[in-house]
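Chemist: As a plain string of letters, each chain reads:
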Amino acid sequence: MYEAVHVAPDGESAAARVVATAARVGYEGVVIRAHEATPDHATLRESADVDVVDAVEIVAPDPERASGAVGGERPDHTLVCVRGGTDRLNRFAVENDRVDVLTRPMADDGDVNHVLANRAAANGVRIEFDFGPVLRSTGGERVQALRNLRKLREIVADADAPYVVSGTPESHLHLRAPREFVAVGEILGFDPETVRAGLREWGALAERNRHRQSESFVGPGVERGRYEGGEKR
Amino acid sequence: MKHLPKHLRPRWRYLAVELEADADATLSRGAFQRAVWYAAGNLLGDPGSADADLRVLRFGFGDGTGDAVVRVRRGEVTPARAALACVHEVNGTDVGVWVRGVSGTIRACEGQYLD
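Quick mapping for you: the protein sequence lines, in order, are chains A and B. Here our numbering is used: the first residue of the first sequence is 1, the next is one more, and so on. Here our numbering is used: the first residue of the second sequence is 1, the next is one more, and so on.
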């Protein structure tokens, strides 16, 4: 299972510390969703015995600027995430099959409906269930986050849209173990297997994209290399 | 009051909890207990919180790391895990809380998970 984290300077803790903590609490890998951060993925991968995924999170005020960033960042990173939060940004992200994950779709003024969820399913854009506000806020803010999470859960399930689960940790102290996510999810009405699948999805996505970016990949189902099936005549 | 016959006494599970905070932070058992009750009350509500009956039994903290044993009623381990996951602050300092394991006795809990 994987967790998608923020590291300094986007978050509060250094990348090495976040990765080490994630390894200790039982993750197989860490997705570093960098906005301004430029972590050294190769060194991190060597120092910790977990997978470290190179991801970028595009935070833009409007789809026009986000679109430019997606085009620019796509070749350089394994995962491209777009932070939602307004209806236009959410719409842009789910319409664009070069985007891997739409993060925080319900934050601020953002909203998701069946139309967006269906588009996300068609384009293979993962919608993020953000558990962060559930874990770290209180009072009315938290009630609102819970309400949004429930709405999103029902819409995503109905459209059978792909999804990921994350606690959006901004420091190593915000990280929580996979079993804790499952427990919190159960209280909120998530199926335990749904939460686990959402945490695993980050890893599956990274593996798919790495394969696509590898040299042997030509197109879906088409590979460069030696012929392997059956004997030569 | 006369103590309860064995079959009426509550059964407990003990969670070994690992804590982390900034190196100069000072955490006390009482403050952590309050944070746990507060988190459980907010997440599980009064009935759920009473069912889980979370209590911090052992507590140690120094140099930014620590551990604790938290008692919970048998059968309420999942809600207890969820409540502990929502503890993110004790006395205004950020803390990381991770459940290392669950045992049926305090001694096994300390022996297996906290050393």
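The set of hints was computed from the structure by calculation and includes no laboratory data. Check before you lean on any hint, since a few could be wrong.
[To be verified] Chain B is nowhere near these chain A residues, computed Cβ spacing over 12 Å in every case:
1. Glu12
2. Gly110
3. Arg150
4. Val222
5. Gly225
[Unchecked claim] Coverage of chain B stretches by chain A, computed from C-beta distances (three or more under 8 Å per stretch; other residues unrestricted):
6. 38-52
7. 81-87
We put the CB at the ideal spot given by N, CA and C, even for glycine.
Chemist: Check the structure against each numbered hint from earlier and tell me which ones fail, lowest number first.
Modeler: 1
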